[in-house]
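Trainee: As they're listed, the protein sequences go chains S and R. Start counting the first sequence at 427; every next residue gets the next number (the working numbering). Start counting the second sequence at 427; every next residue gets the next number (the working numbering).
There could be a bad hint or two in this list.
Calculated lysine-lysine pairs in the DSBU-like style (CA-CA distance at most 30 Å, straight line) [stated by the list, open to error]: (1) R/632 with S/746; (2) R/959 with S/746; (3) R/746 with S/960; (4) R/547 with R/746; (5) S/632 with S/562; (6) S/960 with S/562; (7) R/632 with R/817; (8) S/547 with R/960; (9) R/632 with S/960; (10) R/817 with R/547; (11) R/817 with R/1054; (12) R/746 with S/959.
Don't read these hints as lab results, they were simulated from the structure.
2 protein chains.
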Amino acid sequence: MNRLERCFGAAVLLVGVSLISLAISEGAQNAGAIPGFAPTRVEAEQQLEAKLRGIPDAAHAEANLRHLTAEPHMAGTEASRRVAEWLRDQYRSFGFDAEIVSYSAWFALPRTVELELIAPKHARLASPEPPIQGDKSTYDKRAVAGFNTYSPSGEVTAPVVYVNYGAPDDYRELDTLGVSVEGKIVLARYGHGYRGIKAKLAEEHKARALILYSDPQDDGYAAGDAYPHGPWRPMGGIQRGSVLYTQIYPGDPLAPGAASTPDANAKRLAPSDAANLPHIPSMPISAKDAAVILSALDGPPAPRGWQGGLPFTYHIGPGKAQAHMKVVMDFAERPVYDVISTLHGSSDDEWVILGNHHDAWVYGAADPGSGTASMLEAARALGELVRSGWKPRRTIIVCEWDAEEPGLIGSTAWVEANLAALQAHAVAYINTDVGVTGPNFSASATPSLKNVVRDATQDVPDPGTGASVYRTWLVHDTRAERMVTPEAPLGALGAGSDFCPFFDHAGIPSMDIGFDGDYGVYHSLYDDFSWMKKFGDPTFAYHATLARILGTLALRLDEADLLPFDYAAYASEIVRAADGLASRTAKQQEQAAILKPVLDASAQFSASATRASQALAAISSQSLDPAKARELNHALAGVEQALLSPDGLSGRPWFKHTVYAPGSYSGYAAEIMPGVSEALDRGDLQVLQREANSLAAALRRAAQRLDDVARLAQDAAAR
Amino acid sequence: MNRLERCFGAAVLLVGVSLISLAISEGAQNAGAIPGFAPTRVEAEQQLEAKLRGIPDAAHAEANLRHLTAEPHMAGTEASRRVAEWLRDQYRSFGFDAEIVSYSAWFALPRTVELELIAPKHARLASPEPPIQGDKSTYDKRAVAGFNTYSPSGEVTAPVVYVNYGAPDDYRELDTLGVSVEGKIVLARYGHGYRGIKAKLAEEHKARALILYSDPQDDGYAAGDAYPHGPWRPMGGIQRGSVLYTQIYPGDPLAPGAASTPDANAKRLAPSDAANLPHIPSMPISAKDAAVILSALDGPPAPRGWQGGLPFTYHIGPGKAQAHMKVVMDFAERPVYDVISTLHGSSDDEWVILGNHHDAWVYGAADPGSGTASMLEAARALGELVRSGWKPRRTIIVCEWDAEEPGLIGSTAWVEANLAALQAHAVAYINTDVGVTGPNFSASATPSLKNVVRDATQDVPDPGTGASVYRTWLVHDTRAERMVTPEAPLGALGAGSDFCPFFDHAGIPSMDIGFDGDYGVYHSLYDDFSWMKKFGDPTFAYHATLARILGTLALRLDEADLLPFDYAAYASEIVRAADGLASRTAKQQEQAAILKPVLDASAQFSASATRASQALAAISSQSLDPAKARELNHALAGVEQALLSPDGLSGRPWFKHTVYAPGSYSGYAAEIMPGVSEALDRGDLQVLQREANSLAAALRRAAQRLDDVARLAQDAAAR
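When you get a sec, could you build the whole thing from the sequences and use the hints?
Mentor: The structure is reproduced here in structure tokens:
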């Protein structure tokens, strides 16, 4: 039994929504079927894919990573330009039409980052990350100090309050305890959400500054052996990172919604007018330095769940402990070098896009090097296919973004600069970022693409188990619950990587994939080649596997007769989310009334998706007219865009997608039906009304597009 | 609305079992009702209780505790005799007929307890508990070293393996990892179960020795501030304790089921024939010493959930780390001094018994002093009532047990010596042990007594909240689930204190009550008067409150016209447990067939309980004939004994109760329907058959007793 059959059965039994795939004709349910391919073309596709999967090679991937991690190459530095040029040359050597596309964006590098405890005793903190014997890279003086991009400059002396993860619940707990952070320096541990949300909450609660640290309970010795003995964060390791409020909008803060072209005349905001800039200084420190402050705090003992892994009882403060923080940032317009590499298809009308960033906080072996090293191998394989006579059906574009780390700057600029063209031509965006940190495949995707990911991973062997990546993934991700689920789970797309402008802003169907493992050196000096060779992927077999998956996904989306987008699956997620909203408001008549149109529109979307799926399943593709196929594919690719709202979400109009967005306060995780859900959280009936209307309208528009799909499919089948 | 009404309604709606209380006539549902009392007697009882509750006093309780903790007074020492004599004199001064009842039991005091790490480096361990500045008691040289009673003498040099809590699941995890403890010294942290079960499992897995330690995650700095800054265990604190396999039988291991009288001719087993003695040496150490060993272990990193609070990554071993342990125990027949104090009732035919132990590992301020200090105040109050002219209806016996810590020795001996009399006369046993460690009331009881505890606590104010202890308890214990439950929860009686021989062996309806709080100094030097004064109960208000509750419970059970035992509640617990067994075996035909008689007997018990409750509710007590009342009360008190099986549980015949027992491998917690449940765990059909028959027979016998109750009640009502 193949996966499609199983899904179909399960869906009919469990949710009553038929999951009829877009695979064409009865052949779809045979072992040899590939969704979206005419039976007559399956064998050729299988041969092509097999050839492609034979090419990526662990030694090549390792050499790629070695080159990518040869020196620190932070965005805004010359080294980042050198990496971009090398990448361009690599893609050119594979046969791609590759070029560097430059933008100019306003972001900071650190000049001074100082921290000291001044009471009850004095201690100099903000220590640099100590070098590790036997790992030469860690001795390099070019590694940037621990800092938070987009922290403003500032100097603060104040008592310290520990706020656990600095999440909304933590501030509620502080309220209960009667502890205010107003005028204080807030000390928050990393984890449970994006650091930019921690910064925003600290600012909203009137703290004067924010110190972030990595608690050993979360990614240090309490999670497992620390580097160089294991893959976890050593006590001296620091997590750098941006505090830009990307939950409001990502990209150059002075050019929201418009590409930051290097043109000196381009319109820019004044920094004081940018809605996504933090107003209090922040900095990250190591667990070792944090222990000095934390152990000096008095006040009430930390509530249940706030105690971390350091060897003393955590207290909240404030009390006699005082810190002095000084942050001087060098803000400037800095160059950003995206590398855009194109393999032209028979038609340039439809684009399959792959992407990852190339900038790194220091060496970035896992983040982003592992993804790029694998992407290069996938591109090399596609290039080899072209050399051996193959011509892509659709155009394949591989993007290497710069300045992702400061705030998705390179990808956002490119998407904004090419918005209309992307919305007209882009079929899908495949992202990989932290591509390999271990052996556990994981993925997030728009619902219509989840089965595409599942299908592709069925045809790629896992180097650890010998079974398929899909099988290994399924067993691993369902083991914890000790139950057999019929499908490996994919998450929803949240934030935190370059799919964000594609999906949330442009409505391009997107996915994000990679192999996960024990990874405690995130955004530190120690995320280097040695770490990867020792712990992440010693044989580079998972890099080669990721390349095979990326290549397979690209080929399928490129070559499919009909785009294998599963809108029945999308409908079932929408209906479930709408039901969730309905049960949240079951006892509140007014809210329930406001949400009624959302429920109706969800049902309409679901009915339309079912009709479209049935119509598509009835097509006999052998006789499919190419012009009609193109029209049908265009309609299929455009459904996601119909879910965008022209005015965006309230308070953050850059975010156009009405069904998915990163949570305003919930970290990297996706919020489903975010406008409505967050209005309910806040109890704001006026915003709820606006968001419900906007969501319902989007769902109705998408349903109409699905009706177009059904009509076109019926028309094609009738021939 | 009073609690009875609410329970009644909830029970009918939720479980369909009517919870008709034994409160007599309609008056029961009035605010002024007391279950078991004729309406005409309620006012007098209320006045009596009010008078009693006016007597206990914080200053007296504090003075009691100061005396009880004046010196270390471990069982088997002269100091324990001195405490017994003082207690006897106290009870005599209250007007009780008090005497010391001596037994002689075989147990050890330590001669040598040595531990050293010998590889990869040398370190002398087994450090004594360091004194605390400002707490004079902690400097006393008479405090016994850290040791485990009933550890055999032995000397072992072997590699060390860390086994987490040393529970059955942990050994299963080690199997999965391919790590064997055979021939090794096992290092287990305290928590998640009785240390005697840890010792038995280590022995069963062929370890050569066991080291127990207190991890700071469980009761040290990670739980909260450590003594003297807070109530939790300092890094140097050691948890002493017995490793006797009390889950097989408690009391003198050489005299199972028979009182250890000092008579030299009394029959004794050879130690090699005692089924409850450990065969591998064990010892407890501090977190500070454990850190030296744990940080020296290599081998695989600890699995998820095994990492504790020490500041490094835990590894399992074995590897180069070797330890040398030497334990020399001084086993001997040692005197045990129970203090039995009696307040004779109008009739000596029915006995209400209260008890706590008086022996302590060192000072035992919380364990057991706080319970004894409160019990003394309750007894003083009862004595004052007698002095003012009151005469108890039933006889009240207050017991102070010796040698509870080595293995419930004093109470077990007394119960065994007086078994027939107890079964003929004892109405209920009220235990308190660690009486006060904080403000949170908690209780365990046989199901028929749960409402008695709830009722009594409704009439005692909580010193912290001003509301009743019941209300405070209800709010506290249901807060975590953020739900309103109609009743404060009481646990089932497990093991770990002196109710065990009364309940599990003799079938006397029992309860165990106390006030809980943050308490990390259990069984250490630091469980002293200063700890209690600083953290446990600084004003001793909770001691006085516990005395009021103990006195109220004693008075109600003593004075009730009809014993207020709730067998409908018992039935609903039995039916729920039987349903649980049925759903465990739903898919196993053979097991289900074997369990059928248990389900039938449970239904019979339930039907009989309902009939008995209804008949009792119909009695108009004003005209109740005293002889008939006595007969009815005798029948009511005897139902629990009908649940005993003459042959006991398989493998541990001392445990006679078929519905409740401490789990053989699940720690202190109670196992419900233990014979059947554990046979299912082991998959042993033959034992399952035996246990199901024995349980079903017991339930049918108990149902018949309830039918007797119903008949007697109908007869009484017909008058």
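Trainee: Now, for every hint given, state plainly whether the structure supports it.
Mentor: Here's how the hints hold up against the structure:
| no. | hint | verdict |
| --- | --- | --- |
| 1 | R/632 with S/746 | violated (54 Å) |
| 2 | R/959 with S/746 | holds (27 Å) |
| 3 | R/746 with S/960 | holds (23 Å) |
| 4 | R/547 with R/746 | holds (10 Å) |
| 5 | S/632 with S/562 | violated (43 Å) |
| 6 | S/960 with S/562 | holds (14 Å) |
| 7 | R/632 with R/817 | violated (59 Å) |
| 8 | S/547 with R/960 | holds (28 Å) |
| 9 | R/632 with S/960 | violated (36 Å) |
| 10 | R/817 with R/547 | violated (70 Å) |
| 11 | R/817 with R/1054 | holds (21 Å) |
| 12 | R/746 with S/959 | holds (27 Å) |
The structure fails to meet hints 1, 5, 7, 9, 10 from the earlier list, while all remaining hints are met.
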